[in-house]
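Student: Residue numbers (the working numbering): 26 to 308.
Be aware that a few hints might be false.
As the list claims (entries may be wrong) - With a Cα cut of at most 30 Å, we get these calculated BS3-like pairs of lysine-lysine:
(1) 123 x 250
(2) 272 x 27
(3) 122 x 266
(4) 117 x 103
(5) 122 x 144
(6) 108 x 95
(7) 132 x 95
(8) 108 x 171
(9) 95 x 266
(10) 214 x 282
(11) 272 x 214
(12) 144 x 123
(13) 272 x 123
(14) 96 x 144
(15) 189 x 171
(16) 144 x 27
(17) 132 x 144
(18) 214 x 123
(19) 172 x 117
(20) 27 x 172
(21) 27 x 214
(22) 250 x 266
(23) 250 x 122
(24) 189 x 214
(25) 189 x 96
(26) 172 x 144
(27) 235 x 96
(28) 170 x 103
(29) 250 x 235
(30) 54 x 250
(31) 189 x 282
(32) 189 x 132
(33) 123 x 266
(34) 282 x 250
(35) 132 x 100
(36) 54 x 266
(37) 167 x 189
(38) 117 x 167
(39) 96 x 108
(40) 100 x 171
Please keep in mind that the hints were generated in silico from the structure rather than gathered at the bench.
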Amino acid sequence: MKIGLVLSGGLAKGAYQIGALRAICEYFKPEDIEYISSSSVGALNAYAFSSDNLEVGARMWEELTPGDEKKLVTKVMKSDYLKGCTLGLAQKHVLSKKQYVSVFRLKEMDVLYVDVGHKEPDEAALYLQAAVAMPVFSRAVKINKKKYYDGGTIDNIPVFPLLKHNLDYIICIYFDEYFSFEKTDVDDKIIKITFGRDEKVMANSIWFTKEGTERMMQEGYERAKEVLDRVFAEGTDNLPKIYGHIKELDDEHPERKLRVTVDVAIGCLNKMAKFISKRKIID
26 MKIGLVLSGG LAKGAYQIGA LRAICEYFKP EDIEYISSSS VGALNAYAFS
76 SDNLEVGARM WEELTPGDEK KLVTKVMKSD YLKGCTLGLA QKHVLSKKQY
126 VSVFRLKEMD VLYVDVGHKE PDEAALYLQA AVAMPVFSRA VKINKKKYYD
176 GGTIDNIPVF PLLKHNLDYI ICIYFDEYFS FEKTDVDDKI IKITFGRDEK
226 VMANSIWFTK EGTERMMQEG YERAKEVLDR VFAEGTDNLP KIYGHIKELD
276 DEHPERKLRV TVDVAIGCLN KMAKFISKRK IID
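Let's have the full structure, built from the sequences with the hints guiding it.
Tutor: As structure tokens, this is what we get:
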């Protein structure tokens, strides 16, 4: 079986993904999922999962706000906390064959999907640091004389690099409306675990609290478990049944819109160009 996993960015909402990944672990070992693509804080969670280090990733979120402390997301973005966490995460090689991290080069105005699965941990840590270096709030991360920022600025749900691998199915965890992705023959193989844009989820993207983090992890687990139990009711290798259940879930969202990677990337690049021209970048 060729299985893919996509983790989007989501600022403080990244704690939901830890819970969702715990649910995934009830079906798969990290080495079972050989193709991973991620952006922003999703890249940290993905690396924790694929290096069989998920509980280190969980502690990253739990220790962000000790006690009753409450932090605004912009304060965390301006700090080096998440960058520092990459050193603890990247202590060993990932177990997947491919692990793409999206990074953005401001000078060249392009987004790159870098395979950190075949890089030494110290170099992988640099790309993970770049993945959470948001323009305006953070300094660029210099790698081989090039400066990199958070690729989620341009492509926050990086399905694109997995399309060429002809995967049996892809598990995609993101924080947006229920989409149709790319071409129909690809979308039919994507298991969508989304937390939408309701008021509670949006509020969780703004503030970090210990209680909120624990709640997000639990809700992430429950939501993912609900979807995965349904999709894999007849097993993780029964493709006809899996595709049938994906279609059932999709049919429950008849108004879903098509998300095309190229259109999204070009649109975001144009918006970013206008945004940067009005603000000073900390470089």
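Student: Hints first: check each against the structure and report whether it holds.
Tutor: Evaluated hints:
1. 123 x 250: holds, 25 Å
2. 272 x 27: It holds: about 19 Å lies between the C-alpha atoms, which stays within 30 Å.
3. 122 x 266: holds, 26 Å
4. 117 x 103: Answer holds: residue 117 to residue 103 is near 27 Å, not above 30 Å.
5. 122 x 144: holds, 11 Å
6. 108 x 95: holds, 20 Å
7. 132 x 95: violated, 35 Å
8. 108 x 171: holds, 18 Å
9. 95 x 266: With Cα atoms ~45 Å apart, residue 95 and residue 266 exceed 30 Å; violated.
10. 214 x 282: holds, 17 Å
11. 272 x 214: Holds, at roughly 9 Å.
12. 144 x 123: Between residue 144 and residue 123 the Cα gap is close to 10 Å, so the pair holds against 30 Å.
13. 272 x 123: The hint holds at about 27 Å.
14. 96 x 144: violated, 33 Å
15. 189 x 171: Holds, because 27 Å separates the two Cα atoms, which is no more than 30 Å.
16. 144 x 27: Between residue 144 and residue 27 the Cα gap is close to 22 Å, so the pair holds against 30 Å.
17. 132 x 144: holds, 24 Å
18. 214 x 123: Judged against 30 Å, a Cα distance of about 19 Å means the pair holds.
19. 172 x 117: OK: residue 172 and residue 117 at ~25 Å, within 30 Å.
20. 27 x 172: violated, 33 Å
21. 27 x 214: Judged against 30 Å, a Cα distance of about 11 Å means the pair holds.
22. 250 x 266: holds, 17 Å
23. 250 x 122: Measuring from Cα to Cα gives roughly 25 Å; hence the hint holds.
24. 189 x 214: Measuring from Cα to Cα gives roughly 14 Å; hence the hint holds.
25. 189 x 96: With Cα atoms ~40 Å apart, residue 189 and residue 96 exceed 30 Å; violated.
26. 172 x 144: Between residue 172 and residue 144 the Cα gap is close to 18 Å, so the pair holds against 30 Å.
27. 235 x 96: holds, 10 Å
28. 170 x 103: Within the cut-off at roughly 23 Å; holds.
29. 250 x 235: holds, 23 Å
30. 54 x 250: At roughly 16 Å apart (the allowed maximum being 30 Å), residue 250 and residue 54 satisfy the hint.
31. 189 x 282: holds, 23 Å
32. 189 x 132: With Cα atoms ~27 Å apart, residue 189 and residue 132 stay inside 30 Å; holds.
33. 123 x 266: holds, 26 Å
34. 282 x 250: Since the Cα atoms of residue 282 and residue 250 sit roughly 25 Å apart, the hinted pair holds (cutoff 30 Å).
35. 132 x 100: holds, 26 Å
36. 54 x 266: The given pair, whose Cα atoms are some 21 Å apart, holds under the 30 Å limit.
37. 167 x 189: Roughly 29 Å separates the two Cα atoms, so the pair holds.
38. 117 x 167: holds, 22 Å
39. 96 x 108: holds, 17 Å
40. 100 x 171: It holds: about 26 Å lies between the C-alpha atoms, which stays within 30 Å.
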